[in-house]
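Engineer: Let the hints inform the model, and build the full structure from the sequences given.
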Amino acid sequence: MKTPTNWAVYIRKNENRALSEIYSEHRSTFIGWVQNKSNCSRDEALEIFQVSIVILYENVMSGKLSKLDNVKSYLFTIGKNKMMEHFRKIKKTQHQEIDDKVLLKSAVAEEFELTEDKDDVFKISDALKQLGDPCKTLLENFYFRKMSLEEISVEMQYKNTDTVKTKKFKCIQRLRKMYN
Amino acid sequence: MTNDLKLEQYQEIIDKLHSGFELDDQEKNIVETDAAFQKYQKEFSLIEKAISHNALENKLSDISKLEEKYKDEGPKKRSLGKRSFLLLAAASILLLLAFFLYTSNLGDDNYDGDLLAADYVMDFTDPDNTRSANANNDSPKSDDPYKLYSDANADRASYHKAIKAFENLIQKDNNPKHKFYLGICYLRLSKWKTAEKIFEDNQLKELKKYPINYYLAISKIGLEKTDEAIELLNTPKTGNAIYNQEAEKIIEKLDRISKRNK
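Chains L and D, in that order, are what the protein sequence lines are.
Counted the way my numbering counts, the first sequence spans residues 5 to 184.
Counted the way my numbering counts, the second sequence spans residues -14 to 247.
Hints listed in this document are in silico derivations from the structure and should not be mistaken for laboratory results.
C-beta: ideal position from N, C-alpha, C; glycine also.
One should not assume that every hint holds.
As the list claims (entries may be wrong) - Have a look at the derived ranges for each label pair, beta carbon to beta carbon: (1) L:T33 - D:D10: 52 to 60 Å; (2) L:K174 - D:E185: 16 to 24 Å; (3) L:K93 - D:T(-13): 48 to 56 Å; (4) L:K174 - D:N229: 28 to 36 Å; (5) L:D124 - D:N187: 49 to 57 Å; (6) D:N43 - L:S32: 20 to 28 Å.
Stated by the list, open to error - So these bits of chain D aren't anywhere near chain L, every CB distance computed over 12 Å: (7) E(-3); (8) D9; (9) S37; (10) E233.
Structural biologist: Below, the structure is given as structure tokens:
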């Protein structure tokens, strides 16, 4: 496998394949490293690994990270921060049961800085799930993956960019009606 | 203006801001003074957050599924075993094959600019929607260069008609956008020299969002001016990812041809 020179571009072009490669390449080393550093369980280490990958992905897609030649170094830096946060939380919630996925979910929420608008965003998020495809994918492609109208028309096999634009607008208005 | 049209206008402005395009004066005025727009924009920011949130949740789910695939993989073994030896042998054979294929092409130093350039003349995505903005539904098809251009994708002969129509239009309205489209029509007909002249017109520099350098590079490739083409493709990129990707592919290809011919 040829190593990409810029992982950020590779992730944008082919996110599933790129993330799968990153996952398989670094999984064992990362988990071993976290366990050595913190003496935590394998499950906790795995959770930190998965959170780190999601954050890496989010940083690429949001545009915060446009160039990445050493994915291992970046991933481990995120991992180190997440590890410290995770154990700070463990200390605070020692006597509470922690749901499997709650740490992952809260990590995702934090990356979003969802504070005062959290409830509204979750409400819209639920409506978006109900909206389904092709609207959900179209909106994600434009606003999250930042694909151009041309790229979307090719990927989703629309006639032209005007069709994409019209469809996108209609999807947004349908979504607004659903949650309002 | 109906409510729907107003919302469409607001969405257009938001999308322009999202894509980094410049707003016109009217749009800037709306952003600054229209309370209804500001309310819509605030609402839309929540929609964007929700879209991103959903996308990340889905990705989280995908990543969790990866664990099922890789959970039984232990740490990678470093010692060479039988399997590694076979892989190494297979890789060596492939390398040898690649070497023979490469050397068999060394003698072929005929670089066909025509064929290469024709491969990369992409249909243009107009950020200003000039085509729809200028399409005059009342005018006969034979007069409207933008209609003729749109129809010409499957029918090369129509490019000749589009060219005539653009040239007529330019005489009345010396808009660089018309010249840009004229240039693409010439590229479609492999008229590299004429296209080169058009894309080198200083007036086209007014079109900030247009991939002028990309199309000029294509005309240079057609004329086998490889070095000039590579220089153009390496200039600061436009915001459009497709052109940037295609430019990278072309540069790689031209580099290979150039090395082969030295």
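Engineer: None of the hints should be skipped; say for each whether it holds.
Structural biologist: Outcome of the hint check:
1. Taking 52 to 60 Å as the suggested C-beta distance range, the pair T33 of chain L and D10 of chain D conforms, at roughly 56 Å.
2. At about 42 Å, the CB distance of K174 of chain L to E185 of chain D disagrees with the hint of 16 to 24 Å.
3. Taking the beta carbon of each, K93 of chain L and T(-13) of chain D are about 51 Å apart, inside 48 to 56 Å as hinted.
4. The beta-carbon spacing between K174 of chain L and N229 of chain D, approximately 30 Å, falls within the hinted interval of 28 to 36 Å.
5. Restraint check, D124 of chain L to N187 of chain D: a C-beta distance of roughly 51 Å satisfies the suggested window 49 to 57 Å.
6. Separated by about 25 Å at the C-beta atoms, N43 of chain D and S32 of chain L satisfy the suggested range of 20 to 28 Å.
7. With 12 Å as the threshold on Cβ separation, the claim that E(-3) of chain D sits away from chain L is violated: the shortest Cβ distance comes to roughly 8 Å.
8. With a minimum CB-CB distance of about 17 Å to chain L, D9 of chain D clears the 12 Å threshold, and the non-interface call stands.
9. Taking the minimum C-beta to C-beta distance to chain L, about 5 Å, the non-interface status of S37 of chain D is violated against the 12 Å cut.
10. A beta-carbon of chain L is positioned within 12 Å of the beta-carbon of E233 of chain D; the least distance is around 9 Å.
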